[in-house]
Amino acid sequence: MPLQLDVFLLILRLLLIVLLYLFLMQVVIAITRDLKKTAAVSANPENRAPPVVGHMIVVDNADGISSLSPGMSFDLAPITSIGRGPTNTIQLTDNFISSEHSLIENHNGIWYVRDVNSKYGTYVNNQPAPANKPLPAKPGDIVKIGFISFKLVQ
Amino acid sequence: MHRFSFRNAIRQYRWQELVLLIIPFMILLLEMTQLLLARLVHAGTVNGTASLNVKNLPTIEGLIPVLGLIGVLIAVNILLSVFFPKTDQVLLPLVGLLSGIGVLMALRIGPNLLPPFTDPALGTRQLIWVMLGFIAFLITIFGLRSMDWLRRNYYLWAILGIVMVGITLVHSLRSNLNSPTHDQLNIGPLNLQPSELLKIFLVIFFAAYLSKNIDAVAEGGMRIGPLHIPPFNKLGPIALMLGLALLLFLGIRELGLALLIYGIFLVMIYLGSGKISYVIASLVIFVLLGFIGYKLFGYVRLRFEAVTFDVLDWQNWTPAQQQFATGDGLQIVQGLIALSSGGIIGSGLGLGHPTFVPVVQSDMIFTALGEELGLAGLFAIIGIYLLIIYRGFRIAIEASDAFNQLLAAGLTSIFAIQTIIIAAGNMKLLPLTGIPLPFLSYGGSSIIANYIIIGILLRISHNTARERQGLA
Numbered sequence: 001m002p003l004q005l006d007v008f009l010l011i012l013r014l015l016l017i018v019l020l021y022l023f024l025m026q027v028v029i030a031i032t033r034d035l036k037k038t039a040a041v042s043a044n045p046e047n048r049a050p051p052v053v054g055h056m057i058v059v060d061n062a063d064g065i066s067s068l069s070p071g072m073s074f075d076l077a078p079i080t081s082i083g084r085g086p087t088n089t090i091q092l093t094d095n096f097i098s099s100e101h102s103l104i105e106n107h108n109g110i111w112y113v114r115d116v117n118s119k120y121g122t123y124v125n126n127q128p129a130p131a132n133k134p135l136p137a138k139p140g141d142i143v144k145i146g147f148i149s150f151k152l153v154q
Numbered sequence: 001m002h003r004f005s006f007r008n009a010i011r012q013y014r015w016q017e018l019v020l021l022i023i024p025f026m027i028l029l030l031e032m033t034q035l036l037l038a039r040l041v042h043a044g045t046v047n048g049t050a051s052l053n054v055k056n057l058p059t060i061e062g063l064i065p066v067l068g069l070i071g072v073l074i075a076v077n078i079l080l081s082v083f084f085p086k087t088d089q090v091l092l093p094l095v096g097l098l099s100g101i102g103v104l105m106a107l108r109i110g111p112n113l114l115p116p117f118t119d120p121a122l123g124t125r126q127l128i129w130v131m132l133g134f135i136a137f138l139i140t141i142f143g144l145r146s147m148d149w150l151r152r153n154y155y156l157w158a159i160l161g162i163v164m165v166g167i168t169l170v171h172s173l174r175s176n177l178n179s180p181t182h183d184q185l186n187i188g189p190l191n192l193q194p195s196e197l198l199k200i201f202l203v204i205f206f207a208a209y210l211s212k213n214i215d216a217v218a219e220g221g222m223r224i225g226p227l228h229i230p231p232f233n234k235l236g237p238i239a240l241m242l243g244l245a246l247l248l249f250l251g252i253r254e255l256g257l258a259l260l261i262y263g264i265f266l267v268m269i270y271l272g273s274g275k276i277s278y279v280i281a282s283l284v285i286f287v288l289l290g291f292i293g294y295k296l297f298g299y300v301r302l303r304f305e306a307v308t309f310d311v312l313d314w315q316n317w318t319p320a321q322q323q324f325a326t327g328d329g330l331q332i333v334q335g336l337i338a339l340s341s342g343g344i345i346g347s348g349l350g351l352g353h354p355t356f357v358p359v360v361q362s363d364m365i366f367t368a369l370g371e372e373l374g375l376a377g378l379f380a381i382i383g384i385y386l387l388i389i390y391r392g393f394r395i396a397i398e399a400s401d402a403f404n405q406l407l408a409a410g411l412t413s414i415f416a417i418q419t420i421i422i423a424a425g426n427m428k429l430l431p432l433t434g435i436p437l438p439f440l441s442y443g444g445s446s447i448i449a450n451y452i453i454i455g456i457l458l459r460i461s462h463n464t465a466r467e468r469q470g471l472a
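Protein chains in written order, with the numbering used here: chain A, 1 to 154; chain B, 1 to 472.
Think of the hints as simulated: they come from the structure by calculation, not from any bench.
Nothing false has been slipped in among the hints.
Straight-line C-alpha distance at most 25 Å; calculated DSS-like pairs for lysine-lysine:
hint	chain 1	residue 1	chain 2	residue 2
1	A	Lys-119	A	Lys-133
2	A	Lys-151	A	Lys-119
3	A	Lys-151	A	Lys-133
4	A	Lys-36	B	Lys-86
5	B	Lys-86	A	Lys-37
6	A	Lys-119	B	Lys-212
Now the in silico label distances, taken between C-beta atoms and shown as ranges:
hint	chain 1	residue 1	chain 2	residue 2	range
7	B	Asp-401	A	Asn-108	26 to 36 Å
8	B	Gly-71	A	Val-7	27 to 37 Å
9	B	Arg-125	A	Ala-40	40 to 50 Å
10	A	Ala-40	B	Gly-62	40 to 50 Å
11	B	Ser-277	A	Asn-108	39 to 49 Å
Glycine included, each C-beta is placed from N, C-alpha and C at the ideal position.
Just chain B, same shape as in the assembly (with noise of 0.2 Å):
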């Protein structure tokens, strides 16, 4: 690290960074504001038609969660200008927004959860996670010194995350099976989804693989006629983790990372290889598994089902009908009707009934988010996630080599194909599946995954600019 100066500090300072995090803080206060405003007239303290004095307005204690997360963007910012002043000014206010809504939303549905459930601290827990995130955040992109570390031990990471979920695998097969997810680790209070980390590692040994045989992957090994033979023996490697990867998350019966995987691959395979053959044929090999799942399990067949259920028609269900709409069903169409109530600018935090729904605060927190904040707020937050996205796809653009390149654009991926199968999932399009929408669902081990993969993505973009300044 270069030396510290004050003079310096203030020239390289992230302006930027931190006047694009005003806004996001202002909202954050007052949704909090609005929360604990919410919550007084719910409880009957106040009249909603009595009129607004200072006796009433919440005191700042109430604001604690939020000035301390508003603290640590701060220091975060601080900590970025002193140590890695050029790298990307943009992440940091967008994660750091939605990780704020994603505390916010963990706050008002805890205490609200139905009965067996409820759950006061979930939102302090949810805040004590992100803290946890930024600390991981801090520690991968200070520790990540070379990426060559990460490239040359590519086997390493994919074995140690094969690993660890057949580690849950053989845990949960001993346990029961009649629980909703499976790939959960638990270590003393310690809730770990070993999954969250193997997604990374996989992208890794993905990167790393891919970028070291880009020729051969690219030409495709042999021609005959006009048939394309792919070279198998370079693409073996690749599948046989991918095989895996696939057999463990059938073991455990996690569909959705099943799918989340699968679409890493995708994307990886035509970003090495430029090829759109090895997508349509991945493809079609997809919906054959897909095809042969739906046959095999009973739980995907009923996933499926969800999607063709007719909810618009509800007057004239027949019994059979009504029966999934209380039983199998529930979630989805109370879903559905949480969002429907939310119209065009929701309910506003705190006064809409998104606990109807089961499991909302994780699987399910795209409907919660669309009844308090409405349509015009879950908008704005996919815009967020798009713009999220661009960054990365950004940074990898800019990335100096194949294993960087890469390995920022599989990293941005996963948040983009985690976005569209569980937000797809939640509104019908797809079948519903247990994966998080990344930095608002409550959990502890996504969190700390995404911002891993913040961590990295910031650590390629650094290093770019300062080869583009030792070229310059």
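Here chain A stands alone, though its shape is the one from the complex (with noise of 0.2 Å):
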């Protein structure tokens, strides 16, 4: 028996939705395979974050100038910025605090502050740290960021 037209129109009708989800779930499949491959690349070892060597903790927040609590505690990075621009490794969000502040480094064990043209300045043991010059310190040494303290833990 021939085609009829109304059923050919239907057929069309019904076709053309199973195309349109098998266009979504094509997509939908090329997406997550997209997906898949992102992840394999940010779970390779190169491209991980850089290791914690140290850490820093609040102790002083000023009365409560800045919103920091004493106990916090921020990761160390054998390079570590920190600032109140986004780009900073640390991100501190306080008045007293410059866009780029202070760069803490890492080497063979040895720490050093180094201050980077701040404002309110940065001190290691209340010794203030002169422009872009590394001043070297120790586990347990107290630095202050502008007006917050920190204690450095290895």
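Make the complex out of the two chains shown on their own, each in a separate frame, by following the hints.
This is the structure:
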């Protein structure tokens, strides 16, 4: 029996819906594969975040001027930048911290604290760090950034 | 650009994109065939119960519009493979399919529009606009050599956009205030809508400004006790631009565009600052503005009236309600009837009566799609939009700096906000406003603007991929 036009149109209609959802499925599969690839790239150890070599614990938040509460801990990488700007390793939102404030580095187990032209200064045990010159520090020292004091912990 | 070599071209060919394009091509060819057959049945030359044979199958000439579109998509795929091999491969098939469905709907609706508006060339013009859109896309992706150029001249873009809309404002005030859309600029045969470009310019401006002042905006300026005072001096220029844009739209009575621009502003300020407090504050201001608008403008009241109108209870309508359904509320009521008559699988392209809805080709295209493709088709189309938006935000996440991230996210949210405002408007969930459904509505400016957005997104994706390669 020959195919009637009405029936043919109904088949076309159903076929359209099947094709639309097949297309959506195909795109979702492509996207999932893409996500898995990205996940594999970031699981690769070379691309992972740098190792944590020490910590910095808030000991004095200058009578509540800053929103950081004493006891809060921050991870330190071999090179850690601290400041208000979003590009820093540790971003601290405080009015007395410059957008790029200080740099804490660890070379062969020794810490170096460096001030990056900040407005309110960086101190190690109350000794001001000169601009852009690293000041050595050891675990247990108090590092003051602006008005917030941190204790350096290995 | 790198030197061209045949082997290189094969190796970096965008196979994924080509494979993803196959089903859209099949869908378009199938729909065109359906449309041509439906026309035959409609015209009465062939009876519906007649058997199918080669004689009443459409000839190859009927498929020309779709074949042309397929040719353009393949050409773009090849061009991208040669010059931008690493850019996103999913967006083009998604956008191509939507544009194709848009062209088919215009082809279908044009000849059947109610008498004074009958326009057999509607589909052809839509097809030409899509082709011009692809040209705009290529100009954008090739021309945007450095994103820095966009960022540096950010005030220029904002001012250019405002001036363009200002000219239309004066123009429309001089002519007449009673036509439904006023943001049109008639230059010879062209009907330009400068507001379509304005939204792109505003996103570029917001992105450049916010990325420049991201610290200040993210932190808030001062703190008095528990209260956070935003840095007004930093937010000033943004608020000024926003206010100017909104004022212009109040002037030309484009409620939908005002809503869209405010939505973009909210998205970008949230993405730039990460603070929900800005969003809440802006929403409160928005509700206040909306209330003032409701009190001041009759046409806004009318739109809200339509949302609260009870359609289901049509048997017990009062005379006043009857009059509303055939007068001011005709569009929305007819749109709902069209949607409901479509059912789950729809009436089939060319077999419904979408043209009973006034202005169906642009503002109410969603109801035409619902009637002829059904609920299943509408869900698939919304799925395509979701995937486009997902892809856009993914390009934003992967981008290398704050400006590119904000730009990509802002441009993507244009699609998201536009789609939700007009789809919800068509379904009587929000006041109906006259903004186009991206890629599907008839309208040249809108299509070209959308393709420029896709061009910028793919350029950002290309830049990111190239930087990654440079690092690896």
